Amino acid sequence: MAEPLAVYVHIPFCTIKCGYCDFNAYAGMDALKDAYARALLREADAARPLLAGRAIASVGFGGGTPGEFPAQHIAALLERLRDLAPFEPGAEVTLEVNPGTSSPPYLRGLRAAGVTRLSIGAQSFRAAELAFLDRIHSPEATAAAVAAARDAGFESVSLDLIYGLPGQPLGAWLESIRAALRLEPDHVSCYALTVEDGTPLAARIARGDVEPPDPDLAADMYEAASALLDAAGFRQYELSNWARPGHESRHNRAYWTDRDYLALGAGAHGYLAGERYENIAHPRAYIAAVEAAPPGQPRPALARVTTPALPAQVADWLALRLRLLEGFAPAEFERRWAVPLEAAAGSVLRELAEAGLLELAPRVRLTARGRLLHGEIAARLLVCLEQTAPRLPRLAARAAPPAPPYAAPK
Amino acid sequence: MDQPRIRNFCIIAHIDHGKSTLADRLLERTGTISAREMAEQVLDSMDLEREKGITIKAAAARMLYRASDGIEYELNLIDTPGHVDFAYEVSRSLAACEGAPRRRRLPGHRSPDPRQRLPRHEPGPHPHPGPEQNRPPHAEPDRVAAELERVIGFSRDEVILASAKEGTGVDQILEAIVQRIPPPSGNPDAPLKALIFDSKYDAYKGVVAHVRVVDGEMRGRRNLKLMSTGAIFEPLEFGIFSPGMKPLDGLSAGEVGYVATGLKDVAECRVGDTITWADAPAPEPLPGYRRAKPMVFAGIYPTDSDQYQELRDALAKLVLNDASLVYEPESSAALGFGFRCGFLGLLHLEIVVERLEREYGLELLTTAPSVEYRVQTTSGEEILVDNPAHLPDPSKIAVISEPWAKIDVITPSRYIGQVMELVTSRRGQFLRMEFLEAENDLAPGEARVLLEYDVPMAEILVDFYDQLKGSTSGYASLDYQVKEYRPARLVKVDILVNGQPVDALSVITHASNADKVGRALVTKLKDLIPRQLFEVPLQAAVGGKIIARETIRAMRKNVLAKCYGGDVTRKRKLLEKQAEGKKKMKRVGSVEIPQEAFMAVLRLRE
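Residue numbers (the numbering used here), protein chains in the order written: chain F, 404 to 813; chain Z, 7 to 612.
Accuracy of the hints is not assured; some may be wrong.
To be verified - In silico lysine to aspartate or glutamate, EDC-like type, Cα no more than 16 angstroms apart, as pairs: (1) Z/Lys299 <-> Z/Glu334; (2) Z/Lys299 <-> Z/Asp392; (3) Z/Lys588 <-> Z/Glu598; (4) Z/Lys532 <-> Z/Glu427; (5) Z/Lys568 <-> F/Glu471; (6) Z/Lys568 <-> F/Glu599; (7) Z/Lys589 <-> F/Glu789; (8) Z/Lys588 <-> F/Glu789; (9) Z/Lys532 <-> Z/Glu602; (10) Z/Lys590 <-> Z/Glu602; (11) Z/Lys583 <-> F/Glu641; (12) Z/Lys475 <-> Z/Glu427; (13) Z/Lys579 <-> F/Glu789; (14) F/Lys436 <-> F/Glu491; (15) Z/Lys588 <-> Z/Asp319; (16) Z/Lys579 <-> F/Glu599; (17) Z/Lys568 <-> F/Glu737; (18) Z/Lys270 <-> Z/Asp319; (19) Z/Lys583 <-> F/Glu789; (20) Z/Lys590 <-> F/Glu599; (21) Z/Lys579 <-> F/Asp600; (22) Z/Lys583 <-> F/Glu499; (23) Z/Lys568 <-> F/Glu499; (24) Z/Lys551 <-> Z/Glu427.
Stated by the list, open to error - Part of the chain Z face toward chain F, derived, beta carbon under 8 angstroms: (25) Lys532; (26) Met561; (27) Lys568.
Hints listed in this document are in silico derivations from the structure and should not be mistaken for laboratory results. This structure is a prediction, so every number in the text was calculated from the model and none was measured. Glycine included, every Cβ here is placed at the ideal spot set by N, Cα and C.
All chains, full assembly: derive it from the sequences and hints.
Structure, rendered in structure tokens:
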């Protein structure tokens, strides 16, 4: 049997769209939800050849706000996936919810549907910060959501937090972390606020209404958060993620470790046999495409396939691996790419190690400082690979992915 | 065609005053170009010319026009650039023709760049006053006519009111060209003398010389000779511009056209040279041109040092079409191998760099522009220094001299104070002032005033013109003429990045300004050089003494928080952008310096 795969399901609906968000999410389309649920089932059915002979290791529901999608639709989709492929023992089914829309009956419904892990979008425990972020919930609602999740029987609960808000003092950020820790989550994700082009937040900053985030202060916040979480018994396993032992997200790991993942839903991204692909983004167009697709098309909502150039493929592999704090062993690289790590990137790795950003032995991994400079490291690796890759013929031979039996019809 | 029926002319005006638009109208009206073929700025064939809306290369066009006397005339138009940097091109055009309608834009509009002075000191046939005007809304034709009368000496009835934009008055201009511009006066039976006023390179035809035949004729396969280089060639093709190249049997006295020489080396066929018959040469060549003298020097380096050969080939090709560009190889400890290039001015520099990047796909780095200094060493030698990095050690310098220019500023009188202040801050010396209009006819402060100063070239090189525009709400115009060299107390300010001097960042400045310039430079560089993996000190030094210091703090955070729903592609795109940015930087020691930093001295006043 081929190695197990992950499934990513995108739920693009939101009550309101937050000012900093540039994900594929839409407010005011609730009327589409039933048709969308039917389309997801149809798309899963169509993917049967992609799932043949494989087990599902994890399912991740992201959005948008999957926590506003009716539990019976989630249940129906999970049931359909189980019909199509066996779930591995201990398979993770993780779903993002908002505190404001996490009623006890709803969470019980999710648990009954087979969801094993909840990621609760707490973001902050200060009302003013939540209002700045356009979040519709209060700090109290987050506490209630965690309690409801425990009551519903969820054994793995994660809290998402955002730091580096304009004008946010370090103390306020630490207060949010302490408040989060008091709720005794199993997992915490800390994300720096990123100002994405084209968002209302970017426009407010451009107008001068809002201060741009200060990267040095954000670095202080990151380090302080890391210290607090370590002291509370959490272990950092990824650049933005901390977990109590045994509660690392399996689904998340799939993205960093070169595992295949199947994409379901509008704008969902997938990775199969070395090929990255993306579904049609708009929910209406997605539904129409899935409904209109002739039978036998395994990816009926496919919008585009990207096969990155060889240097980018290798640089991706390295950069994604390095997001995990465990890093990788040089032998793993050689197994994947058929050339020694030294030949592909030795000079730049040594330079980064000298600058104190990387450890090279026994595994290649980020130092504490390197964690804050992963982007710089990744960019340097890409520049380096663009120079070395053309000189490594064995690398080129390895990069060509095996022709998938389920290639999209021309 | 017979000489009495030929008129050779060009149009003179400030930049962006509508020369090319008027040319378009003339081409249309004479049916040289059908309405269907008509594009704006027909004669500006370079992409850059159309984009910037300016003429860089002179271009010629032959038109046939049946005048009101019933006779058909051959009118040869030479479209010229308006910017002062390209005065050289203008002088070449004028030498090739007998008359020039002079455009005068009406006031009420700010002229974007009226730096062009009428090149009245040029050799060659006399410009004939055939002024005409265009009419923007709120134009004041009477006032301008009066001004032309007073300032240039035209009589009021010589002035034609016309609008190239609306197409009015075009017939009167054509009639005036026929009636007022004299036909060429060469001798068709004398030995051939043809003046080369431009050239370009064609892969099949070799160097194509654009010529004005003064005496004799060129026809058939009869061998021709270039009088200054002595090169002999068999002509491959003759023709005219209409406005595309149109082959003809030959060209005779008075005509403007081209001859394909088949020569592979453009150096053998210089602009300004005279073509004659090889078997029966003319005794004397035509008077040539003042050779274009580069005023501004800058280093051009490939960002990727592997592109050095490509840059060399590109420059070699570019000079085939731009004889005013000079270059020679140089090397920099910081930047590696590149070229020191001499330009007519800053716009010329900008255009050359843009053409190299665009037409030859190069990524280039340009160092701050410099004038050419004369240095007398203590051992009695005189050396020319156009690159601050090459200035000898202060202990070996007896005297440094710098070029001065005389500048003419024309401005409404209400800005006199601002202009004075600006020029004085640039070490300028006031010469004289003259009211061009009587003050009592006009609202207070409106009368136009001519201010003359002597200013060191180096002071007006960089942002002087922008500052002048800024302090006069865009009304002032500037013209300059290079004068003599004068000794000055000049010093070199060196910049050390991470303790290491970066030769390409050195500047020469007046000793009294050195502290200010040094401080401004390191402050600017601190903004322009991104944070590195380690702390980077920036220092300015004069002769080993540190005069200013700044520190670029080490980079702390550069990490993408989230990879949403497995969207690795988006993450990669961001990284690719970062990686692209890195590749454009020059690595000096272990510090990555972006291209803008090498031009920092241009932006000190921002």
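To see whether the hints hold, each was checked on the structure:
Restraint check for Z/Lys299 and Z/Glu334: the C-alpha separation of about 15 angstroms stays at or below 16 angstroms, so the hint holds. In summary, the hint linking Z/Lys299 to Z/Asp392 is supported, as the alpha carbons are separated by about 13 angstroms, within the 16 angstroms threshold. The hinted pair formed by Z/Lys588 and Z/Glu598 meets the criterion: a straight-line CA distance of about 8 angstroms does not exceed 16 angstroms. Note on Z/Lys532 and Z/Glu427: the hinted pairing is violated, with a Cα-Cα distance of about 29 angstroms set against a maximum of 16 angstroms.
Distance restraint check for Z/Lys568 and F/Glu471: the Cα-Cα separation of roughly 22 angstroms exceeds the 16 angstroms cut-off, and the hinted pair is therefore not satisfied. Distance restraint check for Z/Lys568 and F/Glu599: the Cα-Cα separation of roughly 12 angstroms lies within the 16 angstroms cut-off, and the hinted pair is therefore satisfied. Restraint check for Z/Lys589 and F/Glu789: satisfied, since their Cα atoms lie roughly 11 angstroms apart, inside the 16 angstroms limit. Note on Z/Lys588 and F/Glu789: the hinted pairing holds, with a Cα-Cα distance of about 13 angstroms set against a maximum of 16 angstroms.
Among the hinted pairs, Z/Lys532 with Z/Glu602 is consistent with the structure: their alpha-carbon atoms are about 12 angstroms apart, no more than 16 angstroms. Of the pairs offered as hints, the one joining Z/Lys590 and Z/Glu602 holds, with about 10 angstroms between alpha carbons and a cut-off of 16 angstroms not exceeded. Restraint check: the Cα-Cα separation between Z/Lys583 and F/Glu641 comes to about 24 angstroms, which exceeds 16 angstroms; the hinted pair is violated. Among the hinted pairs, Z/Lys475 with Z/Glu427 is consistent with the structure: their alpha-carbon atoms are about 13 angstroms apart, no more than 16 angstroms.
With a CA separation close to 15 angstroms, the supplied pair Z/Lys579 and F/Glu789 stays within the 16 angstroms bound. The straight-line distance between the Cα atoms of F/Lys436 and F/Glu491 is roughly 29 angstroms, outside the 16 angstroms bound, and the hint therefore fails. Restraint check: the Cα-Cα separation between Z/Lys588 and Z/Asp319 comes to about 26 angstroms, which exceeds 16 angstroms; the hinted pair is violated. Among the hinted pairs, Z/Lys579 with F/Glu599 is consistent with the structure: their alpha-carbon atoms are about 13 angstroms apart, no more than 16 angstroms.
Between Z/Lys568 and F/Glu737 the CA atoms are separated by roughly 27 angstroms; this puts the pair beyond 16 angstroms, and the hint is violated. Between Z/Lys270 and Z/Asp319 the CA atoms are separated by roughly 14 angstroms; this keeps the pair inside 16 angstroms, and the hint holds. Between Z/Lys583 and F/Glu789 the CA atoms are separated by roughly 14 angstroms; this keeps the pair inside 16 angstroms, and the hint holds. With a C-alpha separation of about 24 angstroms, the suggested pairing of Z/Lys590 with F/Glu599 is violated against the 16 angstroms cut-off.
In summary, the hint linking Z/Lys579 to F/Asp600 is supported, as the alpha carbons are separated by about 14 angstroms, within the 16 angstroms threshold. For the hint linking Z/Lys583 to F/Glu499, the alpha-carbon distance of about 30 angstroms lies beyond 16 angstroms, and the restraint is violated. Of the pairs offered as hints, the one joining Z/Lys568 and F/Glu499 holds, with about 14 angstroms between alpha carbons and a cut-off of 16 angstroms not exceeded. Restraint check for Z/Lys551 and Z/Glu427: the C-alpha separation of about 32 angstroms exceeds 16 angstroms, so the hint is violated.
A distance limit of 8 angstroms between C-beta atoms decides the matter here; for Z/Lys532 the minimum to chain F is near 15 angstroms, and the interface restraint is violated. Checking Z/Met561 against chain F: minimum C-beta separation of about 7 angstroms stays under 8 angstroms; hint holds. Residue-level restraint check for Z/Lys568 holds (minimum Cβ-Cβ distance to chain F is 5 angstroms; threshold 8 angstroms).
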